[in-house]
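Going down the list, the sequences are from chains P and R. Mapping the first sequence onto our numbering, position 22 (from 1) lands on 22, and the numbers just tick up by one. Heads up: take any position in the second sequence, counting from 1, add 1000, and you land on our numbering.
Misleading hints may appear alongside valid ones.
Unchecked claim - Computed cross-link-like contacts, BS3-like style, restricted to lysine-lysine with a CA-CA straight-line distance of at most 25 Å:
#, chain 1, residue 1, chain 2, residue 2
1, R, 1050, R, 1077
2, P, 195, R, 1050
3, P, 153, R, 1201
What the hints assert, rightly or not - Listed next, the stretches of chain P that the computed footprint assigns to chain R, with coverage defined by at least 3 CB atoms under 8 Å from CB atoms of chain R:
#, region
4, 7-15
5, 177-191
Keep in mind that the hints were calculated from the coordinates and are not lab data. All residues carry an ideal CB built from backbone N, CA and C; glycine is no exception.
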Amino acid sequence: MFFEIKAGSPSQARRLFKPVSVFEAHDGEIAFLIKVVGPGTQALADLKRGDPLLLTGPLGNSFLELQGKKVLLVSGGIGYPPLAWLKQVLEPENKVIHIHGGACVTDVFPCDRAYTLDGSFGIQGLVTRDVREIIKAENIDTVCSCGPIPMLKALQSCVSGLLHYASLEAYMACGLGACHGCAVPVGEGWQRVCKEGPVFEASAIRWEEL
Amino acid sequence: MKSLATSLGRLRLKSPVTVASGTFDPDYFELFDQDVLGAYTTKTITLAPKAGNPHPRLYETEAGLLNSIGLQNPGLKAWLNEDLPSLLDLLRIPLIVSFSGSSEDEFLRILEGLEVQDGIAGYEVNVSCPNVAREGIAFGADPDVVFSLASRLSAITQRELIFKFSPNVTNIACIAQAAESGGASSLALINTLYGSAIDWKTGRFRISSPVCGYSGIGIKPVALALCHKVAQMVTIPILALGGIHNWRDALEFFWAGASAIALGTAFYSDPLAAVKLRDSLEKHLRENDLSLSDIIGKAR
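Work the whole structure out from these sequences, hints included.
Structural data, given as structure tokens:
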């Protein structure tokens, strides 16, 4: 589940909305965790209490509700927020381990095991480094992931055979299914990350075309 | 109260605001009432299904959007069976079907397939897509080809026949005249400009196609100039598009000679852009005791 959001400031009037996953939602409140990567996210970061925030949503599908599973959550970079929330949702009825990877310490947030490329925090290396061992040691039966395409691709090659649900990041324009800008190769055709996704069964994605 | 009604060739539109092909779908009607629009234009349909272009297909620039969708569509047969019935159930406004082909015969075959269907008000002949190899712009760049295509298509339909042009040609006015002479009853301009973006650090193109389509605010001055230029050279009406975001933008195009306008990229920065444009335009005309006909083509 995600929202198309942008700052309501005049500088953003003719700029696109950006898709952002939900970080937390309860008691009528919703939280987003945003990394500044360009002018749009900078304008969001600059918002002060009381400034207007524009949003459309909720949009897209969600991870399946699971019960009695041993779930490995794997996130990379800005893929962290939806999986942190998923952990909260799944934990009462499943055994959940969340591993997260980033470039350096500033990309790391609370999780069960952290990886950084430069070794500035946690274990040095890619988040997919120990996935095979964790799956075996913890008897994992389901994997949920969110992160950059190369990470998801590498993850799928480590977990084939297990149920793997991947939430895809994609550049979007409309967020409603109209423009087909976010389409990815799934099954025999193309599916829209904003409409049929963002969560797909990873085995259905034609990773070699991404 | 001044009416916002306008004419586009054989079509009488209750609102001069329409949508650019491929940018819009009926889900937007969950956000606003369809009567805001004068007509609904479909995504471009081709004879055979098209998977579209590889990922990534979009990139936002400093001033507008790059896209390379590649005319992804289910093909005529599936569209007629699966999409048209639900569109006809939904729409109270005129339906304009956009289509493209890779040969003159293919354009004709599609039109023949559409002609036997009830409920279609008009056609947008897309001879201007920059993102496909053989269709689109290959057809819209040559006045002789456009004249021949317009002649053959206009011979078999009484419905509104809009030719949609690209700005990526040497002399758009000459091509527009060829379409008019061939029997086109109105013109839509402009489709996207050629555009490109490269990651300065890695040297990689931002989109899967190095050269793709550029739309949005950055192309408005180009679209306005071409609208004015073509309006001087033809007598058939112009449906203008290219970077229009609000009622002030729309007014500029009416002054330049457009009879109606279309929004595209604007929906991605404001899903309610069409409602706001229509309401503010109506207010402006009322407050200044103007009707659209007082303005269209009167830039000085």
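Hints and how they fare:
Our distance criterion of 25 Å between C-alpha atoms is met by residue 1050 of chain R and residue 1077 of chain R, whose separation comes to about 12 Å. A C-alpha spacing of about 19 Å is found between residue 195 of chain P and residue 1050 of chain R, which places the hinted pair at or below 25 Å, so the restraint holds. Taken as a hint, the residue 153 of chain P and residue 1201 of chain R pair is honoured in the structure, with Cα atoms around 23 Å apart against an allowance of 25 Å. For the region 7-15 of chain P, the stated coverage by chain R holds: 4 residues have a C-beta nearer than 8 Å to a C-beta of that chain, and at least 3 were required.
Remark: the region 177-191 of chain P is confirmed as covered by chain R, as 11 of its residues place a Cβ nearer than 8 Å to a Cβ of that chain, reaching the required three.
Of the numbered hints listed earlier, not one is contradicted by the structure.
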